[in-house]
Every structure is written in structure tokens, then in C-alpha cells.
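Residue numbers (full-length UniProt numbering), protein chains in the order written: chain V, 1 to 549; chain L, 1 to 549.
Treat the hints as calculated values from the structure; they're not laboratory data.
Honestly, I wouldn't trust all of these hints.
Which copy is meant is left open, so a pair is good if it fits within one copy or across any two.
In silico DMTMM-like pairs for lysine to aspartate or glutamate, Cα to Cα no more than 25 Å straight-line [said to hold, decoys possible]:
1. K358 x D371
2. K149 x D372
3. K211 x D371
4. K510 x E445
5. K358 x D396
6. K43 x D431
7. K17 x D204
Number of protein chains: 2
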Amino acid sequence: MAYLFKYDSDALMALPKHVDLFDTTLRDGAQTAGISFSVEDKKRIANRLAEFGVHWIEGGWPGASPKDDLFFEQMRERSWGRSKLVAFGSTARPGHAVEKDRGLNRLIGSGADAACIFGKSWDVHVTKALGITLEENLRLVSESVAYLKQHFDTVFFDAEHFFDGFAANERYALQVLEAAAEAGADTLVLCDTNGGSIPFPVFDVVTRVKKHLPDQALGIHAHNDCEMAVANSVAAVRAGVQQVQGTVNGVGERCGNANLMSIIPILQLKVKVDCGVSPEQLRQLSSLSQFVNEMANRLPWQHQPFVGQNAFAHKGGIHVSAIRKQRDLYEHIDPLLVGNEQRVLVSDQAGRSNILSKLQKLEPEAGLADDDPVVAEAVTRIKELEATGYAFEGADASFQLLLRRSMSRFQRHFELVRFRVYDEKRGHHEDPESEATVQVRVGGELKHAAALGNGPVNAMDRALRAALVHAYPGLEAMFLTDFKVRVLTTREATEAAVRVLIESSDGKRKWSTVGVSTDVLEAAYRALNDAIEYKLVMDGVAAPAAENR
Amino acid sequence: MAYLFKYDSDALMALPKHVDLFDTTLRDGAQTAGISFSVEDKKRIANRLAEFGVHWIEGGWPGASPKDDLFFEQMRERSWGRSKLVAFGSTARPGHAVEKDRGLNRLIGSGADAACIFGKSWDVHVTKALGITLEENLRLVSESVAYLKQHFDTVFFDAEHFFDGFAANERYALQVLEAAAEAGADTLVLCDTNGGSIPFPVFDVVTRVKKHLPDQALGIHAHNDCEMAVANSVAAVRAGVQQVQGTVNGVGERCGNANLMSIIPILQLKVKVDCGVSPEQLRQLSSLSQFVNEMANRLPWQHQPFVGQNAFAHKGGIHVSAIRKQRDLYEHIDPLLVGNEQRVLVSDQAGRSNILSKLQKLEPEAGLADDDPVVAEAVTRIKELEATGYAFEGADASFQLLLRRSMSRFQRHFELVRFRVYDEKRGHHEDPESEATVQVRVGGELKHAAALGNGPVNAMDRALRAALVHAYPGLEAMFLTDFKVRVLTTREATEAAVRVLIESSDGKRKWSTVGVSTDVLEAAYRALNDAIEYKLVMDGVAAPAAENR
């Protein structure tokens with residue numbers, strides 16, 4: 001990727017050799033609508049970030065919430081490598097000596113390795129929001145930083161709204177930086193608090209600041225309100241900042257913070273600036289991203305660059321045949337570098353080459369060739385099913401069962417005799433009642449179960465597993481994690497076929513299955529049936545001969 | 001926002017006055033994992049894009065799938081303003097005269113206003129993926145463009161993998177562009193097909209191409225694999241391209257295409273380049289984004305810049321009090337410019353004004369004021385319902401009924417006594433059977449009907465209308481035209497709440513309604529109930545007094 005700057009002559013002038021990573025997932029990221037980390041979550045994330053090798057881990061705002069106080073309390077004995085814990089706060093309140101400021105003293109008592117405080121650098125914020133004079137603000141910045149420097153080796157100053165402030169009153173914005181610098185701030189962090197900036201102006205502003213304070217270490221703190229937080233951060237590095245602040249997966253208020261999951265591989269693999277992340281650590285990137293999603297109880301962003309499930313997924317048939325000729329023809333980096341992998345999606349646009357590569361992954365020893373009849377049969381079967389509305393790109397488990405069938409490597413574990421679903425609602429304001437009965441044959445034996453449910457699909461799911469769990473106790477551990485319904489054609493409205501996509505888990509693995517029918521309950525049954533069969537196949541449970549006469 | 005270039009002296013040199021918008025949601029966007037548009041969806045999206053004012057609407061690839069062929073067939077009689085329909089394809093296959101190329105002739109026969117074909121511009125792709133000589137590729141590009149120009153006023157050439165190609169073999173990449181230009185291509189679109197590029201190199205490469213072909217119109221087609229598709233597109237405009245290709249909400253293969261929902265407001269409001277979108281059209285941006293999410297049956301990206309639900313959401317007391325003092329202290333643009341709104345999570349202000357305006361539209365003579373208790377009640381009710389998963393964006397009829405209720409201007413036409421739905425499947429290969437019985441009270445009279453159906457929702461729809469049609473013969477003319485199901489939370493899988501969206505028609509009008517429940521059948525019933533009530537209200541059918549004691 002060295003070509004990236006081949007056409008960018010002046011790019012290497014200001015580019016630093018090394019950039020520090022500053023993670024604020026636990027502070028700014030905790031502001032995200034819908035995210036609320038427990039103290040336990042915060043500890044696990046902090047330790048995981050330290051393991052990954054982030055330099056600075058901002059843990060929270062002492063005094064802002066009991067949760068943050070408890071977190072810092074419990075983090076006092078930590079055994080991290082080079083990672084350092086940072087406590088966040090603001091410049092002292094006006095009207096008293098900084099030594100008396102409760103906020104600052106909480107930082108000092110937090111047990112953190114470093115402090116990061118924000119101060120106003122946009123004149124109108126000082127006068128309108130804080131309601132103090134510009135001079136008073138300069139004094140607060142300078143004295144707050146100086147006081148903290150008596151207690152911390154390292155103090156960071158976040159210049160809030162710096163880019164807006166610089167545009168509105170360049171001279172004052174620079175005075176605020178000077179005040180913090182002269183008081184001993186180690187790094188001045190330029191914050192695009194409202195997220196309204198775009199890369200070229202960011203580059204130019206940072207360049208001007210560096211000219212003004214040539215020996216001062218700078219940082220960037222970007223927000224994603226223009227979908228440019230990553231680009232703005234990289235532009236600032238290109239202009240010479242030595243610290244990048246961001247969050248895992250770009251979580252954060254409004255549109256989020258700069259996404260470290262993209263910034264790290266771009267800096268290390270493309271811009272060739274060292275973030276102190278080793279190749280081994282970089283291969284943990286995808287799993288770090290997933291871990292934080294789990295902690296945040298958040299659906300993964302499947303299309304997320306570098307670490308997302310679809311980041312290296314290929315659908316178009318032309319692409320796939322080319323990929324098999326030469327990987328990097330259609331991949332901007334090797335997915336393994338960030339611990340991700342190439343995925344080949346099956347779809348109506350996909351040719352036999354997609355399916356062949358899937359079959360080869362499934363049965364490497366079979367040594368299948370393009371012209372193998374098994375491939376032809378699988379392709380035909382898939383096209384038939386896709387014509388009726390099946391889509392396998394989101395249903396790997398159903399697809400694998402289908403391939404096993406076409407390779408006659410599949411044995412049914414049970415056979416449906418009948419299901420009945422009853423759904424009743426009495427009166428406009430009454431809750432409905434759902435009941436399902438399921439009868440299946442397992443090895444010649446009839447099993448019959450009934451269950452109530454929160455809706456008919458839930459009732460059917462419960463009844464089906466109740467009917468099977470005695471024969472297959474492994475199903476006890478299995479549960480559904482996701483359930484999607486898609487109506488396929490708008491032609492006949494309520495007569496339209498529906499596609500039900502189900503994701504299941506047994507705690508260790510996750511797999512997804514699909515069912516299609518004009519009857520939403522039959523579609524759900526088919527997806528449930530595959531989900532259970534796949535679990536039994538994965539567990540290597542033998543199928544009773546009687547099912548497969 | 002004029003300040004944006006205050007520190008970016010050379011930025012205005014190459015900046016064009018005007019940029020054309022080229023939407024490929026229906027072509028490249030249709031490659032997105034998990035998205036499969038029906039022909040009906042594609043038509044509705046295309047018409048909505050034309051309404052919004054996009055210049056070029058790429059509808060698909062004639063010949064690639066029966067779906068795309070049907071789409072172009074059905075789009076032959078369209079009545080758009082300035083928007084033009086584009087058909088996508090590739091340069092001719094090697095080995096025969098271009099006039100005989102089936103792909104090119106399909107484009108010519110498609111009835112589109114313009115053609116866009118891609119060709120290889122990365123030398124290794126020509127030799128390895130295509131397996132032909134570099135000269136042969138130049139001939140294919142030149143002859144394909146020339147042949148299409150005999151049949152289309154406008155032909156676009158997508159230079160596939162241009163940035164990688166330029167880095168690998170600058171001279172050849174430029175030769176490909178020359179070949180297309182000399183053959184008459186109207187715009188040469190530089191494609192970052194693998195999405196591996198970043199803004200500064202993109203700017204520099206585009207600048208070099210412009211120096212090489214000063215009189216040639218250029219375009220940019222970016223992918224989001226570095227989370228920089230928007231930044232790369234804006235960088236290219238800054239370097240002088242006059243066309244930007246992208247998709248609504250950035251849907252697209254892998255990590256997606258450049259997101260027009262961000263690019264449009266950035267260009268018009270910040271970079272000050274005219275995209276031909278009027279202020280009125282720009283205020284439709286958020287609703288266009290939501291509409292495409294509904295069509296794609298896709299969970300909205302709540303943190304999406306500009307148009308997302310949280311894009312202008314404010315937490316935290318400091319922010320809120322400051323916002324009250326001066327909005328733009330914490331907002332990079334006025335959300336109303338893009339049809340979004342400020343959400344102050346601690347107050348009830350949000351949404352109030354637009355609900356007032358809707359109420360005023362509904363009841364002009366009522367002369368409602370901001371402080372009218374009716375408004376407060378409507379706001380409260382809407383917030384309650386939205387908290388349970390209702391979304392009225394796609395369901396105007398349900399929304400109007402809700403407002404009528406809050407103004408006590410609504411009289412029920414019937415009351416549900418009970419519904420029962422039976423669904424049974426006997427054996428793995430048997431079709432299921434669905435039966436519904438519905439009992440309603442109309443003016444003190446009990447009506448009871450039963451119906452079989454193609455699936456339980458269809459059975460319920462038939463039974464409900466059978467029970468009502470004698471009392472309300474107007475329902476005879478009513479039928480459902482669309483039916484969508486969305487699962488709202490994945491937390492409890494099959495226990496999750498579902499939202500059913502129904503579109504109805506009576507031949508003259510179309511209206512849509514919504515229902516939410518953990519029981520998919522109850523959700524469907526609620527949407528059906530509203531659909532019928534709305535039809536009766538529109539027809540001015542009086543409600544029997546007995547229903548409204």
C-alpha cells in the first residue's frame with residue numbers, strides 16, 4: 001500500500017513516526033444512546049484494551065456517577081503492560097481557588113495514571129455557555145493544568161470545540177492552547193466536538209497550530225457527524241498530531257466518535273505510521289470489536305469496515321471467480337491481518353464458482369472440481385430454492401445442510417408428523433393467547449408435545465424442542481438469538497411468501513437458518529427444523545435409521 | 001459554514017460550481033448482503049429518487065437477472081422531471097464484433113435514457129481476470145463506448161479499480177481513460193472498486209487525471225472499506241469531478257458505497273457546491289432515507305449522520321441548557337435543513353411542532369395553538385406508542401387515526417369481539433392449512449365469519465372483511481397491496497415484538513397502516529383494523545352510535 005502517498009508529495013513532511021492510541025470507549029463511548037456499561041463491563045473492557053495494547057485508556061469521569069467512582073476504586077490494583085489509565089474531568093469551576101475544586105481533587109484521588117481535562121476554546125462558549133470573561137477562562141485553564149501537573153506525570157488538555165473556535169476567533173483559540181501548554185500540559189488535544197469538520201480544513205488548521213506551537217505535542221478528538229471522523233483523524237495525523245482519541249466501533253453520542261477499529265489498520269497498514277500495535281495484536285482487532293459489542297449488548301454493524309462480518313464478503317459471481325484467481329484483485333487488504341476472514345455469499349447474482357468454493361471449504365478432502373456433478377446438482381437445487389424465495393447469504397447452516405444433502409451426506413434426525421398452532425384474541429383490549437402442539441417421529445417412536453408461547457412462533461419453537469429434548473438432550477443448551485421476517489413479493493399482499501431467518505446459539509457456536517412459505521408459521525417451522533438438525537449434525541449425533549428409509 | 005475553506009487556500013481552485021448526483025442504490029446497492037428488492041420495491045424507490053431530484057438513477061443490469069429485466073420493462077412509461085434512468089453493463093466480451101454483443105444490445109433495448117458500462121483500468125485485472133492483452137482491452141473499451149454512443153445521448157464509463165490501476169501502471173490506466181474519452185464517453189467515472197483509498201491520495205490522483213484530460217468530465221465512485229467513502233467522494237469533488245456516484249444510506253457490497261445521505265448535505269451546506277437539490281428537496285432527505293430502509297426491510301442506522309434518529313439527540317444537562325441559550329453551540333447544522341429534528345432527551349420539545357402542524361393540516365378550522373392540550377396529549381400518546389415499537393413514518397393512515405382519536409374526532413365503526421386463527425401442517429411434505437374466525441360487533445349487532453387462507457394472516461384478512469362487508473359494502477373495493485414484517489428487538493428472538501406494515505388500496509387511493517405486538521397475528525390484526533377504519537373514514541361512512549358508548 002506504499003503507493004498511497006506516491007501521488008501525495010508533501011504528505012511525508014509532517015507525518016510522525018509514531019502515534020499514541022487514546023481510547024475513550026468507557027467515557028465518551030458510554031454516552032451512546034442505548035449503551036449502559038456495568039462496572040464489571042467497564043473493568044473487562046479496560047483489561048481487554050490493555051491486552052490489545054492501547055496506550056491510554058480513559059475510564060470515566062470521577063464524581064460524575066457512582067459507577068465511575070466504583071470503577072476507579074476497583075481498578076486501583078491493575079497489572080497492565082504499557083497501558084495507562086486516564087481519569088477525565090473539566091477545568092476548575094470559576095469563583096474559588098483551583099486547589100479547592102472538588103472536580104480536580106476527585107481526579108487526583110482517583111488512582112489513575114494520568115488526567116485529561118477539557119476547557120473551552122470557542123470564545124462564544126466562554127461568554128454564552130460558561131458566562132465568564134475570556135481572561136477568566138484562560139486563568140482557569142492555566143491554573144487547572146498547573147495544579148494537576150503537581151500530582152500527575154501526564155496531563156492532557158482537551159480543547160473543546162477547537163475547530164469551530166479557531167474559525168470564529170483564531171487568536172483566542174490559540175491563546176487557550178498557549179495557556180495550557182505554558183502550564184505544562186503534555187498533549188493538547190484538538191476536539192471537533194460538534195463533528196462538523198471535514199478533512200482538508202482539519203489538515204490546514206492542525207498545520208497552522210503546529211507552526212504556532214512547533215514543539216508542542218498535539219492530539220485529535222473527532223466526532224462522526226459528517227461521516228468523516230476517521231478521515232479527519234487520519235488527516236490530523238498527516239498534519240503531525242501524535243495522539244488519536246477514539247472508541248471501539250466508533251460508539252459515542254449522536255453519530256459517534258472516531259472509530260479506532262478503522263483508524264488503527266489504516267495508520268499501520270496504509271499510512272505506515274506505527275501505533276505500537278504488533279501484527280499479533282492487530283490480528284485481535286476483529287475479536288476486540290466483537291467483544292465490545294457483546295459487552296455493550298449491541299447488534300454488530302455487519303458492514304463495519306475491516307472487522308465487520310461482511311467487510312470481506314463477496315456476492316457477485318464475476319468477483320468470486322476472479323478472487324479464486326488472485327485474492328488481492330478484489331480485497332484492499334488481507335482480512336487475516338485484522339483477524340477477519342473472506343466470506344463468499346450465495347445469491348441469485350452468484351455463479352457456480354461461489355458454490356464450488358463453498359463446497360470445497362465444506363469438504364476439502366473431496367477435492368471437487370468445477371465440472372463435478374455434485375456442483376451442478378447443488379447449483380440447480382439452489383437456483384430452484386432461490387426462485388421460490390430462499391436466500392442463503394444470511395443462512396449458512398441451511399446452506400450447509402443443503403450441500404450435505406446434495407452430496408448425500410445428510411441423515412434426518414426426526415420427521416414432522418404434524419403441528420397445530422392456535423392463536424386467539426378475545427376483545428379489543430385483551431392480550432392474545434398462543435398455543436402450539438407438535439408431533440414428530442424419532443426412530444419410529446412418536447413424540448408429542450404442547451406449549452403456550454408469547455406469540456405463535458414462540459409457542460411452536462417451545463413445543464418442537466419439548467418434543468425432541470428427551471431423544472436429543474443436547475438441544476437443552478440451544479436457544480434462538482435472532483429472528484427476522486421478510487415479505488418477498490408485494491404482489492398478493494397477505495398471500496405473499498415470507499422468508500424467516502433464524503439465528504441460533506448453544507453458547508459456543510452461532511448458526512443461522514432460513515425457511516420460506518406463504519404461511520409465516522410454516523416458514524418459521526422450516527427454519528427451526530434446520531436450526532435443530534444443524535445443531536445435531538455439529539454435535540455429531542447419529543440419526544436413527546428409521547428416519548431415513 | 002463558509003469558514004470551512006478559510007484555512008484551505010487552494011481548495012476553491014478546482015472546485016466545480018455544480019455536481020451531478022448519480023444514484024446506484026438499485027444496482028450496486030442491490031448487492032448488499034441481506035437486501036433483496038422486489039421489482040415493486042425497485043419501482044417505488046426509483047420514483048421516490050426522481051421525486052427527490054437525483055439526476056441519474058441506475059436501475060440495474062439488463063440481462064443479469066429476470067428481476068432487472070422486468071424492472072426496465074415496467075419503467076418504460078415513466079413521467080419523471082429531470083431525472084434520467086441509467087442501465088448498467090460491461091464492455092463487450094472479447095472474441096466477436098461489439099455489434100453482436102448480447103450485453104450491449106440488452107442495454108440498447110432496455111428503454112433507459114443513458115448507459116453506464118464498466119471496463120478494466122488495472123493492468124493485472126486485464127491480464128489475470130479477463131485473460132486478454134492490454135491492447136485488446138483498449139479496443140473493447142473504445143468500440144463498446146462508440147457503439148453505445150450510436151444509440152444513447154449519454155454514455156458513462158466506469159473505470160473499474162482506477163486508483164489501484166493508476167498506482168500499479170499509471171500510463172495504462174490513463175490510456176484506458178483516453179480510449180473511452182476518444183470514443184465519446186460523456187463522463188469518465190474513477191472507481192475505487194476495492195474501497196482501499198484514502199482522501200489525500202484520491203485528491204492527488206484526480207488532480208493528475210484532470211491535468212492529463214483537462215476538458216473531460218470526471219466522476220467518482222467510492223466504496224467504504226476504509227470508512228472513508230464520503231471523505232473520498234468530497235476530496236474528488238474538491239479536485240474537480242462533476243459527478244458523484246453513491247447510494248441511499250450507503251448500502252452496497254461489503255462495507256457499502258458512498259453514502260449520498262451524507263454527501264449531499266456536505267456538498268450543499270458546507271463545501272457550497274450545488275447538487276441541484278433545492279432547500280425543499282433537501283428537507284426530504286431524512287424521509288427518503290427512512291423510506292429506503294422500509295423498502296429494504298432494514299433496521300435504521302440510528303446513529304447515521306444527518307438523517308439518523310440520534311444525529312441531533314442531546315443528553316447531558318450542560319448541553320441542554322447551552323442549546324437553549326444558542327442552538328449552534330452544540331449542532332454543526334440546523335437539523336431542519338435535512339428534515340431531521342433536534343432531540344433533547346430530557347424534554348418534551350422534540351417533535352411537538354411538527355405534530356402541531358400535522359394536526360393543523362388535519363383540522364384547519366380548529367385553529368390549534370402550540371399550547372393546546374390536544375397537542376400535548378397527541379405528543380404523549382405518540383411517545384408511548386413509539387416506545388412500544390410503533391413507527392409512523394411508513395404509516396400515515398394509522399397516524400391520522402391516532403390524531404383524530406386525540407382530538408376525539410374518531411368514531412369506531414366496529415369492535416372486535418374475538419378472532420381465532422388455526423394453522424395446521426400434517427407431515428413434512430404436506431401444505432399447511434390456515435383458518436380464521438372473526439367475530440365483531442357492528443352497531444350492537446354481532447357479525448361472525450370464517451375463512452380459509454393462504455397463510456394465517458391472509459385467512460384473518462379474509463374473515464375480518466367477510467364479517468364487515470354486509471354492514472360496509474364499500475369494503476368490497478378494498479384490497480391489500482403490500483405487507484411488511486419487521487422484528488423489533490433481537491433480545492428474546494422468537495419472543496421479540498414485531499411491527500406489521502400494511503398498504504391498502506381501493507383503486508383510487510393508497511394508504512398504509514401499522515400494528516405492533518409480540519404476536520405477529522395480533523400485530524397484523526391491528527394494522528388491518530386501522531386499514532379498514534381509515535377506508536370508512538375517508539368514505540365518510542357514519543359510525544353506528546352503539547360502538548361508541
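Alpha-carbon proximity between K17 and D204, which holds within one copy, between copies, both or neither at 25 Å: Classified as both: same-chain Cα gap 20 Å, cross-chain 23 Å, threshold 25 Å.
Classify it for me, K358 with D371: is the Cα-Cα distance of at most 25 Å met within a copy, between copies, both or neither? within (15 Å within a copy, 63 Å between copies)
Measure nothing new, just compare the shortest in-copy and cross-copy C-alpha distances for K510 and E445 to 25 Å and report within, between, both or neither. Intra 30 Å, inter 53 Å, cutoff 25 Å: neither.
Could you place K358 and D396 in one of the four classes (within, between, both, neither) given a Cα distance threshold of 25 Å? Within one copy, since 10 Å is at most 25 Å while 45 Å is not.
Go through the copies and call it for K211 and D371: within, between, both or neither, with a Cα cutoff of 25 Å. neither (61 Å within a copy, 49 Å between copies)
Within, between, both or neither, where K149 and D372 count as close if Cα-Cα is 25 Å or less: For K149 and D372, neither the intra-copy (62 Å) nor the inter-copy (43 Å) Cα distance is at most 25 Å.
How do K43 and D431 come out at 25 Å by Cα distance, when the copy is not named: within, between, both, or neither? neither (32 Å within a copy, 38 Å between copies)
Comparing the model with each numbered hint stated earlier shows that hints 2, 3, 4 and 6 do not hold.
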